[in-house]
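Chemist: Each chain is listed here by its residues.
Protein chains: 2
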Amino acid sequence: MAPPAKSIDDRAAVFFAELQDRITAEIEKIDGGGRFREDSWTRPAGGGGRTRVLADGNLFEKAGVGFSDVHGQLRPEMVEALPGDGLDFRATGVSLIFHPRSPRIPTVHANVRHVQHGARSWFGGGTDLTPYYVVPEDAAHFHRTLRDRCDRHDPSFYPRFKRWCDEYFFLPHRNEPRGVGGLFFDYLGAGAETTAGQPPPAASSPHESDAEAMFAFVREVGDAILAAYLPIVERRRTDVWGDRERHWQLVRRGRYVEFNLLYDRGTVFGLRTDGRVESILMSLPPEVRWEYGLLPEPGSPEAESLAAICARRDWARD
Amino acid sequence: MAPPAKSIDDRAAVFFAELQDRITAEIEKIDGGGRFREDSWTRPAGGGGRTRVLADGNLFEKAGVGFSDVHGQLRPEMVEALPGDGLDFRATGVSLIFHPRSPRIPTVHANVRHVQHGARSWFGGGTDLTPYYVVPEDAAHFHRTLRDRCDRHDPSFYPRFKRWCDEYFFLPHRNEPRGVGGLFFDYLGAGAETTAGQPPPAASSPHESDAEAMFAFVREVGDAILAAYLPIVERRRTDVWGDRERHWQLVRRGRYVEFNLLYDRGTVFGLRTDGRVESILMSLPPEVRWEYGLLPEPGSPEAESLAAICARRDWARD
Chain A
309 MAPPAKSIDD
319 RAAVFFAELQ
329 DRITAEIEKI
339 DGGGRFREDS
349 WTRPAGGGGR
359 TRVLADGNLF
369 EKAGVGFSDV
379 HGQLRPEMVE
389 ALPGDGLDFR
399 ATGVSLIFHP
409 RSPRIPTVHA
419 NVRHVQHGAR
429 SWFGGGTDLT
439 PYYVVPEDAA
449 HFHRTLRDRC
459 DRHDPSFYPR
469 FKRWCDEYFF
479 LPHRNEPRGV
489 GGLFFDYLGA
499 GAETTAGQPP
509 PAASSPHESD
519 AEAMFAFVRE
529 VGDAILAAYL
539 PIVERRRTDV
549 WGDRERHWQL
559 VRRGRYVEFN
569 LLYDRGTVFG
579 LRTDGRVESI
589 LMSLPPEVRW
599 EYGLLPEPGS
609 PEAESLAAIC
619 ARRDWARD
Chain B
309 MAPPAKSIDD
319 RAAVFFAELQ
329 DRITAEIEKI
339 DGGGRFREDS
349 WTRPAGGGGR
359 TRVLADGNLF
369 EKAGVGFSDV
379 HGQLRPEMVE
389 ALPGDGLDFR
399 ATGVSLIFHP
409 RSPRIPTVHA
419 NVRHVQHGAR
429 SWFGGGTDLT
439 PYYVVPEDAA
449 HFHRTLRDRC
459 DRHDPSFYPR
469 FKRWCDEYFF
479 LPHRNEPRGV
489 GGLFFDYLGA
499 GAETTAGQPP
509 PAASSPHESD
519 AEAMFAFVRE
529 VGDAILAAYL
539 PIVERRRTDV
549 WGDRERHWQL
559 VRRGRYVEFN
569 LLYDRGTVFG
579 LRTDGRVESI
589 LMSLPPEVRW
599 EYGLLPEPGS
609 PEAESLAAIC
619 ARRDWARD
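As they're listed, the protein sequences go chains A and B.
Using this note's numbering, read the first sequence as starting at 309 and increasing by one per residue.
Using this note's numbering, read the second sequence as starting at 309 and increasing by one per residue.
Read the hints as simulated data drawn from the structure, not as lab findings.
Wrong hints could be hidden among the right ones.
[Claimed, not checked] Computed footprint of chain B on chain A, listed as stretches where at least three residues anywhere in the stretch have a Cβ under 8 Å from a Cβ of chain B:
{"#": "1", "stretch": "561-567"}
{"#": "2", "stretch": "589-596"}
[To be verified] Selected chain B positions facing chain A (in silico; Cβ < 8 Å):
{"#": "3", "residue": "ASP347"}
{"#": "4", "residue": "ALA363"}
{"#": "5", "residue": "GLY372"}
{"#": "6", "residue": "VAL565"}
{"#": "7", "residue": "LEU570"}
{"#": "8", "residue": "GLU586"}
{"#": "9", "residue": "LEU589"}
{"#": "10", "residue": "PRO594"}
{"#": "11", "residue": "ARG597"}
{"#": "12", "residue": "GLU599"}
{"#": "13", "residue": "TYR600"}
[What the hints assert, rightly or not] One-sided and incomplete, this derived list gives chain B residues near chain A with beta-carbon spacing under 7 Å:
{"#": "14", "residue": "VAL361"}
{"#": "15", "residue": "GLY392"}
{"#": "16", "residue": "HIS481"}
{"#": "17", "residue": "LEU569"}
{"#": "18", "residue": "LEU579"}
{"#": "19", "residue": "MET590"}
{"#": "20", "residue": "LEU592"}
{"#": "21", "residue": "GLU595"}
{"#": "22", "residue": "VAL596"}
{"#": "23", "residue": "TRP598"}
Note that CB positions come from ideal geometry on N, CA and C, so glycine has one too.
Could you put the whole structure together from the sequences, leaning on the hints where they help?
Modeler: If you want it as structure tokens, here you go:
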């Protein structure tokens, strides 16, 4: 007798746990020195996870890759914020953020997740790149890699999810995007009318209610993260930098902190569901500066980088 | 003919502007090197201010003292959050934060303000101390100074406003108070039933609806800020410290950032009323660290300091 088929949420959890293994192994290899330290934890109200952080590596000042699979009861005020009904939820996924030591190497963030709430369940995620010094060919490589992977599933995905990313990773108080963007998507596989919270900026495709097809897409995105990012690390790892570039990096990291604490839904969701604080806030950069009224000198590489970020270009265009 | 009596909000604005002058002069004197740089600004939607920041002083790594007097129309979703009615508002006050270079000297924050919303107006404010290494006699000096000044106006003020401060400057996700507390108060002089937003933890005194009496109290608090803080600076300025103490200071400053961006009402109010971003975020420390899973060694001075903060003692008790 064949074993019973596993549910999609169980299979997603297995994929995410393995994805964490593959990513941490590749990061240790390219870093060539740092090692991830793992904390396995259980959530008193249900579920748990494995948080892995590499600190003070050769290339990475801080790299965090978290796997979690939590379940339980939502706080009543959160029920309305999500598709589905009732209090029962399960959320599983991988979140990562890499803060390189060199200001010449961009910071990258990625997340893939599966959420179940009552009778509804869906996939979400994305990845976005935050350079300190924008190199157009690097931003183009990142976006083209994502576009090519998206196009294998649906030609509407890349333009829609690129735009959603631009809208999401934006600091309204600064009127600045966080970086050069990437992909952001949510509610895939949940059915037609599931646009609670922040709706996608364009109409959804018919097969977006097909949970298996969307699981295949999310596996593609999970596999694409390092394909989009690591070639940039390889290109920039020997680029020279000094105090000036480090200073700019630390100031720009302040914007990262502002975004995550003021606006990021994952941070807010995590803190409101009594998530593990150290795992949620592992995204924060290791060292940061805030300086009052700092503006880059007009015409400087810093000013040009900021202008390139604010322009929100179509980086994938050939 | 005598000139027409000025309204209480105009007189409050004059007091706050002069308070900024006195405080910045005293801070430059004790620093003995740093100078405040002033930015005067106007708010397109109404009013303006003077932001003064001293960076890289002898004692102060960053000291910010902001005066503002802004008015205009609230965003509709904010009307409910404040006593009063309609969209018209005026808010004037002084906010300050001093980040000393030495981890032996505490950070201090203070604010005194007058807010008018429709037919209602009130005073609010407070001051709180955030030591990196708690010295009980310093915390006692800070609290006793505030208690003595409060007692001149109402014996219920110090215990109530001390408790409100403990409740307000608290990081629920860390289950940690921000520091050793001080005073926090709001809605003074507005009348009886004005407890919108966060209500005071105890019943109000009858003369709290007397705007003139509450203005006198706020002047007392404004004058008490440096009386409570500067003697601590003088006591600790020659205390030795090294890399270990600096590291702890930078990590603890991370908690300050977390509080201000996740919870602080002034920050949220400022960003939602299209306030001047650099003036609102001048409160953020100049240099900060986040380290995953950092816990002070049991029995170390850092662990003892954190325990003293979490104990929320009655520091003023003789």
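Chemist: With reference to the structure, classify each hint as holding or not holding.
Modeler: Against the structure, the hints:
1. Only residues whose C-beta sits within less than 8 Å of a C-beta in chain B count toward coverage, and the stretch 561-567 of chain A has 3 of them, enough to reach three; the restraint holds.
2. Given as covered by chain B, the stretch 589-596 of chain A passes the check, having 7 residues with a CB less than 8 Å from a CB of that chain where 3 are the minimum.
3. The criterion of a C-beta within 8 Å of any C-beta in chain A is met by ASP347 (chain B), whose closest approach is roughly 7 Å, and the hint holds.
4. Annotation: interface hint on ALA363 (chain B) holds; nearest CB of chain A at approximately 7 Å, less than 8 Å.
5. Taking 8 Å as the C-beta contact cut-off toward chain A, the hint placing GLY372 (chain B) at the interface holds, the least distance being around 7 Å.
6. Contact between VAL565 (chain B) and chain A, as hinted, is supported at the beta carbon level, the nearest pair being about 6 Å apart and thus within 8 Å.
7. Interface restraint check for LEU570 (chain B): the shortest CB-CB distance to chain A comes to about 5 Å, inside 8 Å, so the restraint holds.
8. Because the beta carbon of GLU586 (chain B) sits about 5 Å from the nearest beta carbon in chain A, less than 8 Å, this interface hint is met.
9. Below 8 Å, beta-carbon pairs count as interface contacts, and LEU589 (chain B) has one with chain A at about 7 Å; its hint therefore holds.
10. A distance limit of 8 Å between C-beta atoms decides the matter here; for PRO594 (chain B) the minimum to chain A is near 6 Å, and the interface restraint holds.
11. The beta carbon of ARG597 (chain B) comes within 5 Å of a beta carbon in chain A, closer than 8 Å, and the hint placing it at the interface holds.
12. Below 8 Å, beta-carbon pairs count as interface contacts, and GLU599 (chain B) has one with chain A at about 7 Å; its hint therefore holds.
13. A cut of 8 Å between beta carbons decides the hint on TYR600 (chain B): the least distance to chain A is about 4 Å, and the hint holds.
14. Annotation: interface hint on VAL361 (chain B) holds; nearest CB of chain A at approximately 4 Å, less than 7 Å.
15. With its C-beta approaching chain A no nearer than about 25 Å, GLY392 (chain B) sits outside the 7 Å limit, and its interface hint is violated.
16. Interface restraint check: HIS481 (chain B) against chain A, minimum CB-CB distance 5 Å, threshold 7 Å, status holds.
17. About 4 Å separates the beta-carbon of LEU569 (chain B) from the nearest beta-carbon of chain A, less than 7 Å, and the hint is met.
18. Checking LEU579 (chain B) against chain A by beta carbon gives a least distance of about 5 Å; that is within 7 Å, so the hint holds.
19. The interface hint given for MET590 (chain B) holds, since its Cβ lies 5 Å from the closest Cβ of chain A, which is under the 7 Å cut-off.
20. At about 4 Å, the closest approach between the beta carbon of LEU592 (chain B) and any beta carbon in chain A falls short of 7 Å, and the interface hint on this residue holds.
21. The restraint placing GLU595 (chain B) at the interface with chain A holds, with a minimum CB-CB distance near 5 Å, inside the 7 Å limit.
22. With its C-beta approaching chain A no nearer than about 5 Å, VAL596 (chain B) sits inside the 7 Å limit, and its interface hint holds.
23. Checking TRP598 (chain B) against chain A by beta carbon gives a least distance of about 4 Å; that is within 7 Å, so the hint holds.
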